[in-house]
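Each chain, letter by letter, is given below.
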Amino acid sequence: MVTAPAEMAPPVSVGARAQRLIRWIAPAAGVVLFVALYLVFKGTDVLPHDDDAAFFRGLNDARDWVDENRNNNPVFLFFLNYIRLFVADLFTVFQSALAGLGWPGLIGVAAGLGWLAGGWRIAAVSVAGFAGIGVLGLWDASVDTLALTLSAVLLSLVVGIPIGVLTGRSPSVRRIVTPVLDVMQIMPTFSYLSPIVLLFLIGPASATLATMIYAIPPAIRITALAIERVPPTVVEASESLGATRWQTMRKVRLPMALNTIALGVNQTIAAALSMVPLVALIAAPGLGVDLIRALAQVNVGAALVPGIGIVLIAIVLDRITRSAAVARAGSRVWRWAGLVVAVVAGLALTPVLSAEFPEQWEIQIVRPINDVVSWIEGNWYVFTGFLNDTVAYGLLNPLQNLLTSAPWWLITLAVLAFAWRISGLRAGLIAAGCLAAIAALSLWEHSMETLTIVLVAAVITIAAGAALGIGAARSRWFAAVLRPVLDAAQTMPSFSYLLPAVALFGNGRFTAIIASVIYAVPVVARLVEDGLRAVPGTVLEAARSAGSTDRQLLWKVQLPMARSSLLLAANQGIVMTLAMVVIGALVGAGALGYDVVAGISQQEDYGKGLAAGVALVLLGIMLDRITQGASGRLNPEKKRIA
Amino acid sequence: MNKLRLVAGVLVLGLAAAGCGGAKVDDTSAAAPSANASGGAAPVGTVKMAINGWVGYEASAAVVDYLLENKLNYKVEKVNLAEEPSWQGMESGSVDVVLENWGHDDLKKKYIEEKGIAVEAGPNGNKGVIGWYVPEWMVQKYPDITDYKNLNKYADLFKTSESDGKGQLLDGDPSFVTNDEALVKNLKLDYKVVYAGSEAALIKAAQQATQQQKPLLMYFYEPQWLFNQLKLVKINLPAYTAGCDSDPKKVACDYPPYDLDKIVSKKFADTGGAAYELVKNFTWTNDDQNKVADDITNNGLSPEDAAKKWVEANPTVWQAWIPK
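Chains A and B are the protein sequences, given in the same order.
Going by full-length UniProt numbering, the first sequence opens with residue 1, and the numbers climb by one from there.
Going by full-length UniProt numbering, the second sequence opens with residue 1, and the numbers climb by one from there.
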């Protein structure tokens, strides 16, 4: 076989083939070496989990110290406690203002803002969206959620826009800010609940701050981008007319960047809303409370309804801010008059209509949903049980067994080698460093368990996302059907995905996997589709005229040319999977996510929970670094050349 | 043109709203009295009540909530929280009342004795039991299974895909009072604790184990309405002696019998007035709680309606709680 092509083809081909073989020798040898080392050292240096590790007890002592000194240490007295009070007050102001408007007033304000931003269409969307919330019986909880979201968004913008402006103006600031934002966006949201609760106790203040951590990166990033993109010729013109730096900033740069910054506001709101369910764990009022409660009752219908409520709020806020970002022609007076009319009309109705959203307008959809669910439970049990067991015994258990029975240094070395090959030495060293740090946190075994679930979920996610993305790229018809489905899947709060998964598969790791697949597939599919569509048509035509079949076209031309978007899709898929797998702890997926939940709710596990939060961040950075090589996000040189 | 479409849109919306309103006429009759009651005079004050994650607690809370709102005209804010964060909530001001506290001597020491921000408000009358349970059919088939010493013999029966080749001990919400991981370790049992995540998941597991005769060993507790529906048998762990559970990592004995009690924040005890008096006086039996919990879970009543039903049926019990 090996000699056949050599006879027919010119010698270049032999060389290429040999080269290809040589390229594969190193990885193959690596795998053989790994297997050999594993067989020899299996069961040694495995770092089994110890709930009572000295490190955890040390963290507990630190917590006790903070608890005792909360009211007499100057850092708390003059700084942290003030932040807490200020943020709590801000939330209360928003809450009482929104509640004070009454439901007709609030709908009027939303309609007015919609009118101001985008005309009657947006106004109608706002009215329909907010009325829908009322009809679903979610009015009071939604007002709390809205208040929390708006306070978090306001704080994010007040802090984020100046930082964004600085980042856009000064490369040295950017060098500091960018990696920090990277880490903030990789961090699973679960991981920062424990430290925030330690510093600010539970309640709306902590919830607002946790939301802010998640929502601020887009505000900073997009502002920086907007400022950078202001054409230098305009700035020069302004400076040559004698404007000071401050004047140039205020009169030229900011106004020109304004539309893009409005998009940043849009993204910030979206991020803030996705935190709504999570912060209910630390006593934030709102729709998240209903969602978590329904989750505890395994009541799919009752969880879906607040999920829809969050989506409605998201749609209204999204449409308003998005159309505000588009400059609109038309009379200014006319627009403001519309706002005033809508607000006044709403407020005038407030005292007339009842104070609470009328109960007779509410519709009940919980029961029909639950009927469907119990039918599925009753009839699909054999199939879902089989699927669960196949994945658990066929994939999860063997992989987990491998990861937890191999010596920690062997896993670390393997990760170093793997990341080095895919993303370079620097990434490899960082990834290995993260693993070593996890070992030092005494959470090795649980981290390996989490890693197992993430890897299996990521493989399924990437396979499913790639299949959908390829399908959508090849068929306009399929793309047209897929797009709205993916859009809807992306706006639902990630917690809602746990519910159907629980209903189908009961509690366990497979449920977390299914939920994270639903959560991450839309993004992966979209990136794959965009990547394939970006392959120039001329290239495809050339390949076709050379006689390629469709299959060859896909495998030999499109996929290789879209390599960087495919790897970016893999990177995003893995990071999102991690975030969701951790949340899966709430439905019995265990491991690190469980440690975090236990840390919040059990005193003696606090230290373990805090350490688990850090381990999650490290795991996230490690997975991101391994796959970042191609994404170009951390490759400023390349960007500058482009 | 645009105007026309706008008018049409408004009309459609209006019709849709009217349509919803029409479909709901018969539902509203049940809710009308409560709407009237809460629409009366401005409330005297607000009580922030922690709601822990099991339906028995919710039943107690529903009844106290109902009485506070309808008999004393208070507004009640329910704060859904796990047990220990509820204590923390008293410190941060987001919780006034915990109605069903399970022991938590460490928290009592910290928040009542050391910090002085919470006080005890007496027992609520419910007797709590925590333990390990198996469905009744298993005891008929394996009579000696109720002794913990024999559990290792049967570990293979309880194997699942989640239990690492050991037997599975199914626990509830990670925030519930539990020594199970320490117990498994210290009693040298060949089991792994797997967290189902919630009370509802435990109940579902128990129902399936009974109907489909599937082996199940699980953490469970009383008061609990499920015991009226199916029979579970408690495993005998080494007997509880005072202080045997003082170090949570070294526990090797059964859970103590709990006299469930009420905890309120110091602030609420000082300024809560009639609401505090009612909470302090509140005491009822496991049967009372199970009845209300059963209505909420199985008879499709909202907590509010279940509470109303119980209040109407048991005037002599709750009238003793209303402050004179």
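Mixed in with the good hints, there may be bad ones.
The calculated label-pair distances, taken between Cβ atoms and stated as ranges, are [claimed, not checked]:
1. B:G165 to A:A436: 22 to 32 Å
2. A:W477 to B:G165: 40 to 50 Å
3. B:Y142 to A:D61: 39 to 49 Å
4. B:A252 to A:V75: 15 to 25 Å
5. B:E120 to A:V75: 30 to 40 Å
6. B:K309 to A:I83: 42 to 52 Å
7. B:Y142 to A:W477: 54 to 64 Å
8. B:G165 to A:G378: 43 to 53 Å
9. A:N72 to B:K149: 47 to 57 Å
10. B:K309 to A:D140: 19 to 29 Å
11. A:P195 to B:T46: 29 to 39 Å
12. B:G93 to A:V31: 44 to 54 Å
13. B:F227 to A:G30: 52 to 62 Å
Derived by calculation from the structure, the hints in this document are not laboratory data.
Here a beta-carbon is modelled for each residue, glycine too, at the ideal position from N, C-alpha and C.
List of violated hint numbers, smallest to largest: 4, 8 and 12
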